[in-house]
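Undergrad: Now for the letters of each chain:
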Amino acid sequence: MNLTSMRTSFGETLCQLAQNNPNIYVVDADLKSALNLDEFAQKFPTRFIECGVAEANAAGIAAGLAKTGKTVFLTSFSCFSPAINWNVIKQSICYNQCNVKIVGSHSGLMSTNLGATHQMLEDIALMRSLPNMEVFSPIDSIETEKITKVLARSRLPAYLRLVRPTTPTIFDPKLNFTIGKSSILKKGRDVTVIGYGPILYEAFEAQAKLNLDKPYVSLEIINCSSIKPLDFSTILKSIKKTHRLICLEDHQKNGGLGELVASLILSSNLKCQFIHLGVNDKFGRSAKTYQKLYDYYGIGVNNLITAIKSITKK
Amino acid sequence: MPLNKYKYLKDLARTCRLDLLDMLYKSGGGHLGGPLSSMDILTTLYFGKLFNFKKDHFILSAGHLAPALYTVLANAKFFDKAKLPKFASFNSFLQGHVSTKVPGVEYSSGSLGQGLSFAAGLALGDKSSSVICLTSDGEHQEGQVWEAAMFAKKYQLSNLINIIDFNSYQIDGATKDIMPLGNLAAKYVQFGWTVTTIDGHDFSQLTKALSKAQKSDYPNCIIAKTIFAKGISFMEKDFHYHDVKNLSESTYLKAKAKL
Numbered sequence: 000m001n002l003t004s005m006r007t008s009f010g011e012t013l014c015q016l017a018q019n020n021p022n023i024y025v026v027d028a029d030l031k032s033a034l035n036l037d038e039f040a041q042k043f044p045t046r047f048i049e050c051g052v053a054e055a056n057a058a059g060i061a062a063g064l065a066k067t068g069k070t071v072f073l074t075s076f077s078c079f080s081p082a083i084n085w086n087v088i089k090q091s092i093c094y095n096q097c098n099v100k101i102v103g104s105h106s107g108l109m110s111t112n113l114g115a116t117h118q119m120l121e122d123i124a125l126m127r128s129l130p131n132m133e134v135f136s137p138i139d140s141i142e143t144e145k146i147t148k149v150l151a152r153s154r155l156p157a158y159l160r161l162v163r164p165t166t167p168t169i170f171d172p173k174l175n176f177t178i179g180k181s182s183i184l185k186k187g188r189d190v191t192v193i194g195y196g197p198i199l200y201e202a203f204e205a206q207a208k209l210n211l212d213k214p215y216v217s218l219e220i221i222n223c224s225s226i227k228p229l230d231f232s233t234i235l236k237s238i239k240k241t242h243r244l245i246c247l248e249d250h251q252k253n254g255g256l257g258e259l260v261a262s263l264i265l266s267s268n269l270k271c272q273f274i275h276l277g278v279n280d281k282f283g284r285s286a287k288t289y290q291k292l293y294d295y296y297g298i299g300v301n302n303l304i305t306a307i308k309s310i311t312k313k
Numbered sequence: 000m001p002l003n004k005y006k007y008l009k010d011l012a013r014t015c016r017l018d019l020l021d022m023l024y025k026s027g028g029g030h031l032g033g034p035l036s037s038m039d040i041l042t043t044l045y046f047g048k049l050f051n052f053k054k055d056h057f058i059l060s061a062g063h064l065a066p067a068l069y070t071v072l073a074n075a076k077f078f079d080k081a082k083l084p085k086f087a088s089f090n091s092f093l094q095g096h097v098s099t100k101v102p103g104v105e106y107s108s109g110s111l112g113q114g115l116s117f118a119a120g121l122a123l124g125d126k127s128s129s130v131i132c133l134t135s136d137g138e139h140q141e142g143q144v145w146e147a148a149m150f151a152k153k154y155q156l157s158n159l160i161n162i163i164d165f166n167s168y169q170i171d172g173a174t175k176d177i178m179p180l181g182n183l184a185a186k187y188v189q190f191g192w193t194v195t196t197i198d199g200h201d202f203s204q205l206t207k208a209l210s211k212a213q214k215s216d217y218p219n220c221i222i223a224k225t226i227f228a229k230g231i232s233f234m235e236k237d238f239h240y241h242d243v244k245n246l247s248e249s250t251y252l253k254a255k256a257k258l
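Line by line, the protein sequences are chains A and B.
The first sequence begins at 0 in numbering that gives the first Met the number 0 and counts up by one.
The second sequence begins at 0 in numbering that gives the first Met the number 0 and counts up by one.
What the hints contain is simulated information worked out from the structure, not anything from laboratory work.
We put the CB at the ideal spot given by N, CA and C, even for glycine.
Hints are supplied without guarantee of correctness; some may be wrong.
As the list claims (entries may be wrong) - Below are the EDC-like pairs computed for lysine to aspartate or glutamate, each with C-alpha atoms no more than 16 Å apart in a straight line:
{"hint": "1", "chain 1": "B", "residue 1": "255", "chain 2": "B", "residue 2": "21"}
{"hint": "2", "chain 1": "B", "residue 1": "153", "chain 2": "A", "residue 2": "29"}
{"hint": "3", "chain 1": "B", "residue 1": "257", "chain 2": "B", "residue 2": "21"}
{"hint": "4", "chain 1": "B", "residue 1": "153", "chain 2": "A", "residue 2": "49"}
Stated by the list, open to error - Here are some chain B residues pointing at chain A (derived, C-beta under 7 Å):
{"hint": "5", "residue": "107"}
{"hint": "6", "residue": "113"}
{"hint": "7", "residue": "116"}
{"hint": "8", "residue": "124"}
{"hint": "9", "residue": "125"}
{"hint": "10", "residue": "143"}
Construct the entire structure; sequences and hints are all you get.
TA: Written as structure tokens, this is what we have:
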């Protein structure tokens, strides 16, 4: 499996875009290197605005700059932005409709050794609850590039969720990313698995193991990288066929995608079995590999296989 | 000529204060103490011929001063004065805290401490214009204000002017009791700003300070010492008049007589 970095992809893409678009600005809070923005800062020093460790001000600066016609990428770790500056994002960016893209890296348990304070498990909940805010979580480095390009063209506030480590490369480079569209990564007949971000690779691993069974369970895997707006119709179409849904996320179950989809299913009069795999109201902790943490918090590939077996037994 | 000019501003500010009182009486209530203390500042900004707000920017960071700004904007003909009594009612564009739904308003606020950052972002992105931000003294208890103060110095935002409506009161009492601010002027000097302290009800001082700030090489802070609920003597310096609800006819008439 080819492992690549979302952060590398983000920094490189933004640098390319800025070459042809003089309105692209970065407002950063002392995490330039971590988001691979050294080259951007070097090439475009007047468009790289360093705010220091002051995320609330950084969000306000980004909003004001955006009102002068710039497309502003506000960059930090998600445990700081949007976690520290959420109300500035609400009032100064969303309520005032400023063209600011909040880029939060180090999301989820994938911040592995850094521990609970740096494992942001609440960002989707925080951001999807804001009016005027769009929320995107790429599955890998390729989709990161595609989303970054789309964001540079849009005029709305948006949140882009990135992770720290290199992760499996899954997204088909020939496909486009469209706001409000989910992509079916693999067609199947028995169980629909939805999720966002690199954790969705587990569904492919699960399928590989299930293929050894006779008869084997076939998964339909849907990438919900556009969390808001969410393409519910693709999910609905799939569960009309499978009648079984598993939502997998590297995020708190509280406020996550699973809750959102569950409420949509309840409103749709459709009968379907549902299992939600996410972090269950717990803080994170340190480990040497994120797979260790995924197992511990019940969102690892073995937990997924157990869930698939249980949902297909009923 | 200057004397006449200041009389003109003084008369306008009186009209705006009367409109404000009317608006709050007829609409059922809203913030009063801060709007009255900041009225002379706002009148100078919009009628003092120092700025052109088609190009320059005004950011009201203390969003609860909206009633004062609305009456000033109505008198400056941004919208029909007859709309004022609908303040904060369901179908009115005149939101309870300042909002871009109101013609002439560039930034919606209400949560304190955010406007100076927004103003600094504007000042950085539009260096050919002046950006004036109005904050309150109590608002300086929010840490974000000081983050913005550091930022403005680093990026040498000489086109940024922060006017502090220093009325010494906040919602629950005197600022010195709730959380003392120490020497704000010294703090801004330490942060690398040019600081001018003035009487915020003296139109000559307001005009001179603003005009000096326009020519400065550093970010500018004008500390405008004001009187809370200025103009209605029996309400002045009484924090209970931070906001009013359902003013009685007798209180309204008594207050009107004072103006």
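Undergrad: Which earlier hints turn out false for this structure, listed by number in ascending order?
TA: none
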